[in-house]
Amino acid sequence: MKTVALIICAAALVGGGLLSVIFNDEKESTAVSSKLLNLPVESTKIVVSKSARRLRLYSGDKLLRTYRVGLGFSPVKDKVTEGDGATPEGEFYIFTKNPESAYYLSLGVSYPNTEDAERGLRAQLISEEEYQQIAEANRNRTMPPQSTALGGLIYIHGHGSSKDWTWGCVALDDGEMLELFEAVQVGTKVVIEP
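Here the numbering used here runs 98 ahead of the position in the sequence shown, where the first position is 1.
Wrong hints could be hidden among the right ones.
Said to hold, decoys possible - For lysine to any residue, the following SDA-like pairs were computed, each having C-alpha atoms within a straight-line distance of at most 25 Å: (1) LYS175 <-> PRO243; (2) LYS261 <-> VAL289; (3) LYS261 <-> TYR202; (4) LYS175 <-> THR164; (5) LYS195 <-> ASP262; (6) LYS143 <-> GLY285; (7) LYS195 <-> SER141; (8) LYS287 <-> GLY258; (9) LYS175 <-> SER149; (10) LYS287 <-> ARG217; (11) LYS143 <-> TYR191; (12) LYS195 <-> GLY250; (13) LYS287 <-> GLU198; (14) LYS143 <-> GLY273; (15) LYS175 <-> TYR201; (16) LYS175 <-> TRP265; (17) LYS143 <-> VAL284; (18) LYS195 <-> GLN231; (19) LYS261 <-> ARG154; (20) LYS195 <-> LEU162; (21) LYS195 <-> VAL284; (22) LYS143 <-> TYR202; (23) LYS287 <-> ARG154; (24) LYS287 <-> GLY183; (25) LYS143 <-> ASP271; (26) LYS160 <-> GLN283; (27) LYS287 <-> LEU161; (28) LYS261 <-> ASP272; (29) LYS261 <-> GLU198; (30) LYS175 <-> MET241; (31) LYS160 <-> ASP272; (32) LYS160 <-> THR194; (33) LYS261 <-> GLY183; (34) LYS287 <-> LEU162; (35) LYS195 <-> ARG152; (36) LYS195 <-> LEU161; (37) LYS143 <-> GLU213; (38) LYS143 <-> ASN196; (39) LYS143 <-> PRO243.
These are computed hints drawn from the structure, not numbers from a lab.
Working from the sequences, and respecting the hints, build out all of it.
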């Protein structure tokens, strides 16, 4: 414990920047200055493991950071409909960066994706027109419709990772969210795994 405290103090003195607690896949690591990440990062990819409650940030194949996350209030299942409290699973991309989010900072996740739209069309949750709008947005890597019966407004945002409390979003502590927000660009691939 003393070692961690000394490292935190040393990082604060040397870096002079924002401190953020970084997690390895299995255990808590030390705090470091966000300036050490060489922001922005090239060729970023975000992988969220719902079962581990971790978000991993990659540059190419190189793992840069692992952060603890909170999920939707119904964290185990895949998102199916508006209001179900589930965090979606699948492959997405960041369609926007919002520096004025009500949840500190946020990155828009392109839910629903085409697979979600296909499922929704088969289940008659959405119309053919809504399906086409979602598919087109995914082809063009723009914001898909956010107000269908499938739900929407899924973001990676701040305001805390200590519990599963969102309506389906991925939540980080504010310091980690700042680092992630600065590291990634619109278009970044996002994979959310069970």
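Earlier hints that do not hold, by number = none
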